[in-house]
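Asks: Turn these sequences into a full structure, and let the hints steer you where they fit.
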Amino acid sequence: MDKLDKESRRLEQIIIRPNTRSSLYLSENFDLNLKSSQPIKSLLKMSTIEYQDLYNLEEFGVAQYPEVGELIAIRERYAGYLKRQDIEIESLHKSMRLSIPKDIDYMLINGLSNEAKESCFR
Numbered sequence: 593m594d595k596l597d598k599e600s601r602r603l604e605q606i607i608i609r610p611n612t613r614s615s616l617y618l619s620e621n622f623d624l625n626l627k628s629s630q631p632i633k634s635l636l637k638m639s640t641i642e643y644q645d646l647y648n649l650e651e652f653g654v655a656q657y658p659e660v661g662e663l664i665a666i667r668e669r670y671a672g673y674l675k676r677q678d679i680e681i682e683s684l685h686k687s688m689r690l691s692i693p694k695d696i697d698y699m700l701i702n703g704l705s706n707e708a709k710e711s712c713f714r
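Numbering (this note's numbering), first residue to last: 593 to 714.
Hints listed in this document are in silico derivations from the structure and should not be mistaken for laboratory results. Each hint should be verified, as a subset may be incorrect.
Said to hold, decoys possible - Listed next, with one range per pair, are the computed distances between beta-carbon atoms: (1) 703 - 653: 18 to 26 Å; (2) 706 - 625: 50 to 58 Å; (3) 710 - 597: 23 to 31 Å; (4) 703 - 609: 53 to 61 Å; (5) 606 - 711: 18 to 26 Å; (6) 657 - 712: 52 to 60 Å; (7) 639 - 610: 53 to 61 Å; (8) 676 - 613: 35 to 43 Å; (9) 670 - 697: 53 to 61 Å.
Said to hold, decoys possible - Mimicking DSS-like on lysine-lysine, the simulated pairs with C-alpha atoms at most 27 Å apart in a straight line are: (10) 675 - 686; (11) 595 - 694; (12) 595 - 637; (13) 598 - 675; (14) 627 - 637; (15) 637 - 675; (16) 694 - 675; (17) 686 - 709; (18) 686 - 637.
The structure presented is a predicted model; accordingly, all values stated were derived computationally and were not measured. Each residue gets a CB set at the ideal place from its N, CA and C atoms; glycine is no exception.
Replies: Structure representation (structure tokens):
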């Protein structure tokens, strides 16, 4: 397991709870009011919170590999976007594997514009 994975797992295991000094710090400095307990890593999804900001939380402790912190923050922040892109790419791959029969009559397909039918007919 590399440094990035170790620090990422550590951040997943650290839980921050509402009504603690750390949650008060987040409320005062980032206007973030915790309603339930959550992994400290999830805070990095917010664009206003950087990895270095986590140092101010009691639960954070000592980072074994602080040099990978910014990479973890970037991965966490863009994880949703990257996942959606992966789904889109897979969908495109599936549609690219479909083959259109050579003898199809485009004029019989409802929903195609006349312009599209003509261009497919050529």
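Asks: Of the numbered hints stated earlier in the document, which are not met by this structure?
Replies: The structure breaks hints 1, 3, 5, 7, 9, 11, 16, 18; every other hint is satisfied.
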